[in-house]
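Fit chain B to the given chain A structure using the hints.
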Amino acid sequence: DVKVTQSSRYLVKRTGEKVFLECVQDMDHENMFWYRQDPGLGLRLIYFSYDVKMKEKGDIPEGYSVSREKKERFSLILESASTNQTSMYLCASSFGGMRNTEAFFGQGTRLTVV
Amino acid sequence: QKEVEQNSGPLSVPEGAIASLNCTYSDRGSQSFFWYRQYSGKSPELIMSIYSNGDKEDGRFTAQLNKASQYVSLLIRDSQPSDSATYLCAVKGGGATNKLIFGTGTLLAVQP
Numbered sequence: 055d056v057k058v059t060q061s062s063r064y065l066v067k068r069t070g071e072k073v074f075l076e077c078v079q080d081m082d083h084e085n086m087f088w089y090r091q092d093p094g095l096g097l098r099l100i101y102f103s104y105d106v107k108m109k110e111k112g113d114i115p116e117g118y119s120v121s122r123e124k125k126e127r128f129s130l131i132l133e134s135a136s137t138n139q140t141s142m143y144l145c146a147s148s149f150g151g152m153r154n155t156e157a158f159f160g161q162g163t164r165l166t167v168v
Numbered sequence: 004q005k006e007v008e009q010n011s012g013p014l015s016v017p018e019g020a021i022a023s024l025n026c027t028y029s030d031r032g033s034q035s036f037f038w039y040r041q042y043s044g045k046s047p048e049l050i051m052s053i054y055s056n057g058d059k060e061d062g063r064f065t066a067q068l069n070k071a072s073q074y075v076s077l078l079i080r081d082s083q084p085s086d087s088a089t090y091l092c093a094v095k096g097g098g099a100t101n102k103l104i105f106g107t108g109t110l111l112a113v114q115p
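Chains as they are written, first to last, in our numbering: chain A, 55 to 168; chain B, 4 to 115.
Simulated from the structure, these hints should not be mistaken for lab results. Virtual Cβ for every residue (Gly too), placed ideally from N, Cα, C. Check each hint, because a few of them may be wrong.
Stretches of chain B that chain A covers, calculated by requiring three or more beta carbons in the stretch to come under 8 Å of a beta carbon on chain A [unchecked claim]:
(1) 46-53
(2) 88-96
(3) 102-113
Computed list of chain A residues with no C-beta within reach of chain B, every gap over 12 Å [said to hold, decoys possible]:
(4) Lys67
(5) Gly70
(6) Asp113
(7) Val167
With a cut-off of at most 25 Å between alpha-carbon atoms, the simulated SDA-like pairs for lysine to any residue come out as follows [said to hold, decoys possible]:
(8) Lys57/A x Ile53/B
(9) Lys109/A x Gly150/A
(10) Lys5/B x Asp92/A
(11) Lys111/A x Asp30/B
(12) Lys72/A x Ser141/A
(13) Lys5/B x Ile114/A
(14) Lys125/A x Leu49/B
(15) Lys45/B x Gln161/A
(16) Lys5/B x Lys125/A
(17) Lys45/B x Gly70/A
So here's chain A without its partners, still in its complex pose (with noise of 0.2 Å):
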């Protein structure tokens, strides 16, 4: 079974704080994506990862950075946390190129900034 692991599921953190996400998968998928959901605005893309240090910007990657040091892991990185991060954090994991390319998620991180 593909497994995808949050590091965290609940996190509550300081505004101006520095936090880190990170997300593990065990299936060797070249291709990992950060989500933030939240009532009535769906998923959305922060970043996504298509392979060892390299990454794309999704839809709303403002007050964000990720890091993709070796294949199975992909952090995401809060430079400076305000409230308006607070949100529901899913990581996801999928094959690259033209093969198949369902995604997996992790179980999610809920994060709190107070």
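Below, chain B alone, put in the same frame as chain A:
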């Protein structure tokens, strides 16, 4: 225009009926289409994928794709209360991109 559009619902159907969920997309070059189910408080889980025009059936679920009209649909036959969830349509962009974009989801409520 949003890249992937769904009616937010709620879509209410009686138990045993057919539920029909629809999705339209804007990128004509898109090649891969997915339906995910998400229960409240849980992460999305894949239920169907479809890559070519026509119908694809898996148990009570049928995905339909019409690339000329740029829509994809999901039919759930013999709907059960356990099918009550938000259904998310996802589209992988055309060409070399690996971008996977989701619609906002349709909330389905199956009434016992």
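Here is what the structure says about each hint:
no.: 1; hint: 46-53; result: holds (count 5)
no.: 2; hint: 88-96; result: holds (count 3)
no.: 3; hint: 102-113; result: holds (count 7)
no.: 4; hint: Lys67; result: holds, 21 Å
no.: 5; hint: Gly70; result: holds, 28 Å
no.: 6; hint: Asp113; result: violated, 8 Å
no.: 7; hint: Val167; result: holds, 20 Å
no.: 8; hint: Lys57/A x Ile53/B; result: holds, 22 Å
no.: 9; hint: Lys109/A x Gly150/A; result: holds, 13 Å
no.: 10; hint: Lys5/B x Asp92/A; result: holds, 16 Å
no.: 11; hint: Lys111/A x Asp30/B; result: holds, 18 Å
no.: 12; hint: Lys72/A x Ser141/A; result: holds, 16 Å
no.: 13; hint: Lys5/B x Ile114/A; result: holds, 14 Å
no.: 14; hint: Lys125/A x Leu49/B; result: holds, 23 Å
no.: 15; hint: Lys45/B x Gln161/A; result: holds, 7 Å
no.: 16; hint: Lys5/B x Lys125/A; result: violated, 31 Å
no.: 17; hint: Lys45/B x Gly70/A; result: violated, 28 Å
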